[in-house]
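The working numbering numbers the first residue of the sequence shown as 394 and each following residue consecutively.
What the hints contain is simulated information worked out from the structure, not anything from laboratory work.
Treat the numbers as computed from the prediction; the structure is a model and nothing was measured.
Idealized CB from N, CA, C, for every residue including glycine.
There's no promise every hint is true.
Across the chosen pairs, the derived CB separations fall in these ranges [to be verified]:
{"hint": "1", "residue 1": "PRO440", "residue 2": "GLY659", "range": "13 to 23 Å"}
{"hint": "2", "residue 1": "ALA568", "residue 2": "GLU446", "range": "39 to 49 Å"}
{"hint": "3", "residue 1": "GLU533", "residue 2": "ARG657", "range": "43 to 53 Å"}
{"hint": "4", "residue 1": "ASN637", "residue 2": "ILE483", "range": "25 to 35 Å"}
{"hint": "5", "residue 1": "ARG441", "residue 2": "ARG657", "range": "52 to 62 Å"}
{"hint": "6", "residue 1": "LYS594", "residue 2": "ALA719", "range": "53 to 63 Å"}
{"hint": "7", "residue 1": "ASN680", "residue 2": "ASP601", "range": "53 to 63 Å"}
{"hint": "8", "residue 1": "ARG627", "residue 2": "ILE430", "range": "54 to 64 Å"}
Calculated lysine to aspartate or glutamate pairs in the EDC-like style (CA-CA distance at most 20 Å, straight line) [stated by the list, open to error]:
{"hint": "9", "residue 1": "LYS651", "residue 2": "GLU672"}
{"hint": "10", "residue 1": "LYS679", "residue 2": "ASP632"}
{"hint": "11", "residue 1": "LYS634", "residue 2": "GLU617"}
{"hint": "12", "residue 1": "LYS619", "residue 2": "ASP685"}
{"hint": "13", "residue 1": "LYS405", "residue 2": "GLU722"}
{"hint": "14", "residue 1": "LYS694", "residue 2": "ASP708"}
{"hint": "15", "residue 1": "LYS694", "residue 2": "GLU610"}
{"hint": "16", "residue 1": "LYS398", "residue 2": "ASP601"}
{"hint": "17", "residue 1": "LYS669", "residue 2": "GLU716"}
{"hint": "18", "residue 1": "LYS465", "residue 2": "GLU447"}
{"hint": "19", "residue 1": "LYS669", "residue 2": "GLU707"}
{"hint": "20", "residue 1": "LYS398", "residue 2": "ASP632"}
{"hint": "21", "residue 1": "LYS711", "residue 2": "GLU722"}
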Amino acid sequence: MASNKAVSAARKSSIVWLVLSAIILIAGAVFAVGMVIPSYLGMLGEPRMMTPEEVAASVDSLPIYNVQVTGKEMYDTGYYYEDTYAFVTINTEYFGALWMGDQFLPVRAFGGIDETVTTYRGTLRALESDERREVVNDMESSQPELQGLFANAVLDTTDSPTSFENLVMAAIAIAAVGFGLYGVYRGLTHTMNPNNHPFLKSLARYGDVDDVVDRIEKERVLGEEKVGRLTLTRSWIVDEKGNNFRAMRAEDVVWVYKHSQRSRYGTNYSVRIYDKYGEMMSVGAKNEKQADEIGMKVAQKAPWALIGYDKQIEDALKNSRSELIAAVEKRKSQPAQ
């Protein structure tokens, strides 16, 4: 395997990919082990029966999943939350107050509060800030005699393995772990064998990758011209910056044009170079002047190429590339004017 800038860029890019993937994998695993797996394991099987005394003593060890609590009386507080989408109510969750003998345990449930039911099953968790502010504090303000009688917890009967929040968390954990594993595998294989990296695999269209890379490096030693991040040798156009490396044979260039993209921060310029294989090399430029310089140098290296953006050329490249290539080859065979 040749040892050169192309291989070095591929290896560095693979290491960066490996590190980022490892971070995502670790974060996903921590999230899964710390939040997703315990909640799903806790929701499976028989519920844990808790007495009022156990509920009162457990406020410092929440959340506790799959809990069943039986109180003495249930009261409908009249408070509820509505989830709406496009002005349509999708979901309504109601709040009840379950009297445990010496305090009220807030209960969050679908479908209203049945005051004849005193046994509920769900996740015992801490009150969220909006629940405390909008339900508990509001009730205590309107009925001062209730102050201090509410537990600092809520029995959420809406919490289940198929609830939207739990499904989203599970999907995030699975995606993070899956992407992380794939990224680590890809990073390791590309680090150990840089020829498998997309940078170098893209050169396979010119023949054996090691041989192509060796030819590029030999021409660089003989003489190269740089403009911006672009490097030009006798036969090759090379785009390299940081861990990026792409190369295109000058004789295969068919179309070159300046591309600009506006944003709130200004205008970004680049030069797009297409070859007869349909590959596109986008070379970033610091400003419009540098983009013009890059485009001019490429045009000088491949004077037969079509210059400037044209929608018809873009369509021809996608739909009738052979005809476009034939037209460019005809231009190439014509004597220079």
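Here's how the hints hold up against the structure:
1. PRO440 to GLY659: 13 to 23 Å: violated (60 Å)
2. ALA568 to GLU446: 39 to 49 Å: At 42 Å between Cβs, range holds.
3. GLU533 to ARG657: 43 to 53 Å: holds (47 Å)
4. ASN637 to ILE483: 25 to 35 Å: With a Cβ separation near 46 Å, ASN637 and ILE483 fall outside 25 to 35 Å, so the hint is violated.
5. ARG441 to ARG657: 52 to 62 Å: Holds - the Cβ-Cβ distance for ARG441 and ARG657, about 54 Å, lies within 52 to 62 Å.
6. LYS594 to ALA719: 53 to 63 Å: violated (28 Å)
7. ASN680 to ASP601: 53 to 63 Å: For ASP601 against ASN680, whose Cβ atoms are near 39 Å apart, the range 53 to 63 Å is violated.
8. ARG627 to ILE430: 54 to 64 Å: holds (59 Å)
9. LYS651 to GLU672: Cα-Cα ~16 Å, so holds.
10. LYS679 to ASP632: holds (14 Å)
11. LYS634 to GLU617: holds (16 Å)
12. LYS619 to ASP685: holds (14 Å)
13. LYS405 to GLU722: The given pair, whose Cα atoms are some 37 Å apart, is violated under the 20 Å limit.
14. LYS694 to ASP708: Violated, because 25 Å separates the two Cα atoms, which is more than 20 Å.
15. LYS694 to GLU610: With Cα atoms ~18 Å apart, LYS694 and GLU610 stay inside 20 Å; holds.
16. LYS398 to ASP601: Judged against 20 Å, a Cα distance of about 17 Å means the pair holds.
17. LYS669 to GLU716: holds (11 Å)
18. LYS465 to GLU447: Since the Cα atoms of LYS465 and GLU447 sit roughly 15 Å apart, the hinted pair holds (cutoff 20 Å).
19. LYS669 to GLU707: holds (13 Å)
20. LYS398 to ASP632: Holds. LYS398 to ASP632 sits at ~11 Å (cutoff 20 Å).
21. LYS711 to GLU722: Roughly 18 Å separates the two Cα atoms, so the pair holds.
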